[in-house]
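Colleague: Using the hints, position chains X and Z against chain R.
Protein chains in written order, with our numbering: chain R, 1 to 102; chain X, 103 to 260; chain Z, 261 to 876.
Calculated directly from the structure, the hints in this document are not laboratory data.
Values in this document were obtained by computation on a predicted structure and should not be read as measured data.
It is possible that part of the hints are untrue.
Said to hold, decoys possible - Within a straight-line C-alpha distance of at most 20 Å, the following computed EDC-like cross-link-like pairs (lysine to aspartate or glutamate) qualify: (1) Z/625 <-> Z/784; (2) R/101 <-> Z/841; (3) X/259 <-> R/74; (4) Z/430 <-> Z/806; (5) Z/815 <-> Z/827; (6) Z/625 <-> Z/564.
Residues per chain, in single letters:
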Amino acid sequence: MNEIPLEAGLLLATILFAIGLLGVMTRRNIVFVLMSLEIMLNSAGLAFVLAGARWGSADGQIMFLMILTLAASEVAVGLGLIIQMYKKFKTVDIDVLSALKG
Amino acid sequence: MISLFYVAAIVAVIASMLVIIQVNVVHALIYLVLSLLAIAVVFFSLGAPFVAVLEAIVYAGAIMVLFLFVVMMLNLGHASRQQERVWLATSGWLLPSLLAGVLFWGVVSSLPSIDLSVSVIGAREVSIRLFGPYVLAVELASFLLLAGLVSAYHIAKR
Amino acid sequence: MFDSLGLLPFLPFLGFLILFLSGGGLPRRIVAVVGAGSIGLAFLQALLLALPVIENDSLVSQQVIYSWMSVGEFESKFGLYLDGLSSVMILVITGVGFLIHLYSTGFMRDDPSYSRFFAIMNLFVSSMLVLVLADNLLLLYLGWEGVGLCSYLLIGFWYSNPSNGYAARKAFVTTRVGDTSMAIGLLLLFTQLGSLNIEELMNGAETQWGLGSGYAVAASLLLLGGAVGKSAQLPLQTWLPDAMAGPTPISALIHAATMVTAGVYLIARTHTLFELAPDVQLLVAFIGLATLLMAGFTAMTQRDIKRILAYSTISQIGYMFLGLGVGAWSASVFHLMTHAFFKALLFLAAGTVILSLHHEHDIFKMGGKRKQLPIAFASFMIGSLALAAFPFTSGYFSKDEILLAALAIEGPGLWLWIGGVVGAFFTGIYSFRLVFVVFFGESADHHDDKEVTGFTMAFPLMVLMVFALLGGFIHPPTDFVFSVEEAHSEHSVSTLIHAIMIAVPLAGIGVSYLFYGARLWSADRLLEYSLAKKLHGYWFSGWGFDALYRGLFIKPLLGLADLNRRDFIDSIVATIVAVSEAGNGLLVRFQSGSLRWYVLSVVGGVAILLTLGGLL
Numbered sequence: 001m002n003e004i005p006l007e008a009g010l011l012l013a014t015i016l017f018a019i020g021l022l023g024v025m026t027r028r029n030i031v032f033v034l035m036s037l038e039i040m041l042n043s044a045g046l047a048f049v050l051a052g053a054r055w056g057s058a059d060g061q062i063m064f065l066m067i068l069t070l071a072a073s074e075v076a077v078g079l080g081l082i083i084q085m086y087k088k089f090k091t092v093d094i095d096v097l098s099a100l101k102g
Numbered sequence: 103m104i105s106l107f108y109v110a111a112i113v114a115v116i117a118s119m120l121v122i123i124q125v126n127v128v129h130a131l132i133y134l135v136l137s138l139l140a141i142a143v144v145f146f147s148l149g150a151p152f153v154a155v156l157e158a159i160v161y162a163g164a165i166m167v168l169f170l171f172v173v174m175m176l177n178l179g180h181a182s183r184q185q186e187r188v189w190l191a192t193s194g195w196l197l198p199s200l201l202a203g204v205l206f207w208g209v210v211s212s213l214p215s216i217d218l219s220v221s222v223i224g225a226r227e228v229s230i231r232l233f234g235p236y237v238l239a240v241e242l243a244s245f246l247l248l249a250g251l252v253s254a255y256h257i258a259k260r
Numbered sequence: 261m262f263d264s265l266g267l268l269p270f271l272p273f274l275g276f277l278i279l280f281l282s283g284g285g286l287p288r289r290i291v292a293v294v295g296a297g298s299i300g301l302a303f304l305q306a307l308l309l310a311l312p313v314i315e316n317d318s319l320v321s322q323q324v325i326y327s328w329m330s331v332g333e334f335e336s337k338f339g340l341y342l343d344g345l346s347s348v349m350i351l352v353i354t355g356v357g358f359l360i361h362l363y364s365t366g367f368m369r370d371d372p373s374y375s376r377f378f379a380i381m382n383l384f385v386s387s388m389l390v391l392v393l394a395d396n397l398l399l400l401y402l403g404w405e406g407v408g409l410c411s412y413l414l415i416g417f418w419y420s421n422p423s424n425g426y427a428a429r430k431a432f433v434t435t436r437v438g439d440t441s442m443a444i445g446l447l448l449l450f451t452q453l454g455s456l457n458i459e460e461l462m463n464g465a466e467t468q469w470g471l472g473s474g475y476a477v478a479a480s481l482l483l484l485g486g487a488v489g490k491s492a493q494l495p496l497q498t499w500l501p502d503a504m505a506g507p508t509p510i511s512a513l514i515h516a517a518t519m520v521t522a523g524v525y526l527i528a529r530t531h532t533l534f535e536l537a538p539d540v541q542l543l544v545a546f547i548g549l550a551t552l553l554m555a556g557f558t559a560m561t562q563r564d565i566k567r568i569l570a571y572s573t574i575s576q577i578g579y580m581f582l583g584l585g586v587g588a589w590s591a592s593v594f595h596l597m598t599h600a601f602f603k604a605l606l607f608l609a610a611g612t613v614i615l616s617l618h619h620e621h622d623i624f625k626m627g628g629k630r631k632q633l634p635i636a637f638a639s640f641m642i643g644s645l646a647l648a649a650f651p652f653t654s655g656y657f658s659k660d661e662i663l664l665a666a667l668a669i670e671g672p673g674l675w676l677w678i679g680g681v682v683g684a685f686f687t688g689i690y691s692f693r694l695v696f697v698v699f700f701g702e703s704a705d706h707h708d709d710k711e712v713t714g715f716t717m718a719f720p721l722m723v724l725m726v727f728a729l730l731g732g733f734i735h736p737p738t739d740f741v742f743s744v745e746e747a748h749s750e751h752s753v754s755t756l757i758h759a760i761m762i763a764v765p766l767a768g769i770g771v772s773y774l775f776y777g778a779r780l781w782s783a784d785r786l787l788e789y790s791l792a793k794k795l796h797g798y799w800f801s802g803w804g805f806d807a808l809y810r811g812l813f814i815k816p817l818l819g820l821a822d823l824n825r826r827d828f829i830d831s832i833v834a835t836i837v838a839v840s841e842a843g844n845g846l847l848v849r850f851q852s853g854s855l856r857w858y859v860l861s862v863v864g865g866v867a868i869l870l871t872l873g874g875l876l
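Next up, chain R with everything else stripped away, as it sits in the complex (with noise of 0.2 Å):
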């Protein structure tokens, strides 16, 4: 087996931890922000699997398994939301999504 700079592998999850981020940061469709959140729960998940293999332990690999469940009950609830919003407003746009204003 070759070596992996485990560097490399943490770069990979921090661009997409940051692609993620500026994801969830700009886009006003509440489509593309649970989007951007999957991208960067994946990262976040890549670099438990990677501590994982730094250790040699399948403990990284178990993580990344319950952040998958917390993923999948994640984007059943925020899909469901987003149906109710769109029902309600008939936009897709989180702007207007404003209750908490001070």
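Modeller: For chains X and Z alone, kept in the frame of chain R given last:
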């Protein structure tokens, strides 16, 4: 193997970037699936074949299909694509990019430089750990999924 | 139990509590019984207490009720002290006070605030008794402020008229000037002598301070300031004429018979201190002289029946100060007592006149009332005779003693005497001007008013008439208190002096008769001369003191207040408010309700933390 890692990594980064700059939701979803598959390849190259398979089946398969169904239900047409173009063209990218850059730089500047000796950790090892010390976490995950199921049903019903 | 000193101020206070706590819910009959009855009981007890002292004037009784406060080495007890001087005072306060209360039950019968009136009157009597019975200056100060408060409340009794409220504030603020001076005096005495007990103070002052020492001068000057304010002497006399805004029984009790003489009492009580500062004592005499002349001039020009009496009160207290200043302590207290009799009589009679004539105050709108108002007429005759020191009335004896004592001292004595005699001449003029204008001549109006009378109002007048006539034969038991040799009362004076002192008031009455009785001379003719007119204007306005103080104090203070209209201190506070409001506005803008903005903020926060973590 190492070249596989780098190729998959580059594909993942490019696909993810394309996701967040798309105008069409369906296109973005396809790129997201591509990105997830690329990461599955990365997992494989890191010696985690079980997770790689799960990533491909559950993430890129099941979850993304869920997305796709919802997008189809919303049925966003041409008008929404025009709207997306307008929103994307604004200078709203500047500050988020700066912040993301700062964050990125902050993390990157503290990365360790260690070489991994990749050894395959297959489904067997993972399963032993999972149903050994982590059995409680499995139960919790099942609760979480059940809660997600119930609440998604409840929210979408009204 | 009835020889307990503490009961004496407590009885009126109990009356006050009953009336005050019932909140005007009691029937009038019961209010009258409680209000006047408590003072009546107090009078009986005062008699019981004072009779032994009158028989033996060296008798002194003391009672400490409880320790009021004790801080470090400072201790003030709620202690009462009865000697010859306070015996006279308690008899005058409760005796005259009871008669005036009795009179008030009739005078105030139509007033809606009947109960409030008696509640405050009782509180006043209680405070006044505390004032004269106190064995230390702090307790005296408590009574001093208590009577000031009651005076304020009663001057402004008919508070729905704003000018009454103004008069009350004026009285309160003006006396406050004096009270502040007195408070500083108390502090000086305490810091120097380590006690506020009057006996200890006087002993300490005598042993530690020499004759004419700086401390004695300062302390006596400061106490004099308090006395001048309370007793309406120059230069703080301006409040008393305006204090006539209160109901007439108030003027009789507070602003003639008792409270305004508290200053005289204070000086008499601390006479040892004043004897240590002969210059200040002489100043007291000159203040008295200046006041009595000033008030005499003014009283001759007033038209309002109560203001005439008010200025005559100022003038008579001037005599008392003159007496104090020349060391005739007993004579001053004697005059205080007789003045209480005849001035209460005059005020109550004036109350009857005013009530009978439907609240008419202007004497020139009255006239020829002697048939309509027989009791008031008799009261005014006797009261004015006593006021003018007609021979063998009460005022004659007391004023005589003061003037003889003034004559007896060396140096300025003659001038003081001459001033006093001139004042007596004015007294004759203004007191009988009032009598002639109101009761003689032809009626200025054609109303056929009946005299408002009745037992409760007539009885006090009759008792006071007797005392105003014969009060001169009572001798106040104060010789022991003022242990100084009062040799000058035995001083042989020539018959010429006596003749002058008898003749001068009679001459005043004669002049008054020529002007207002027989109308041979006319005051209006005099006023045609410009000089006379100018003087009349001055005198009528009380020598322009009000205008002077307005220009000297009120206007500059108002100017300062105007400058500070936007409160300078407030602006500091307002700045804090404005800054926090601006901060709030800024933060509210962050709370935009935009989810993306929240995410941005979270990320920004993390970025800052991360950068800081990298830097540190």
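Colleague: For this structure, which hints from the list above don't hold up?
Modeller: Result: no hint breaks.
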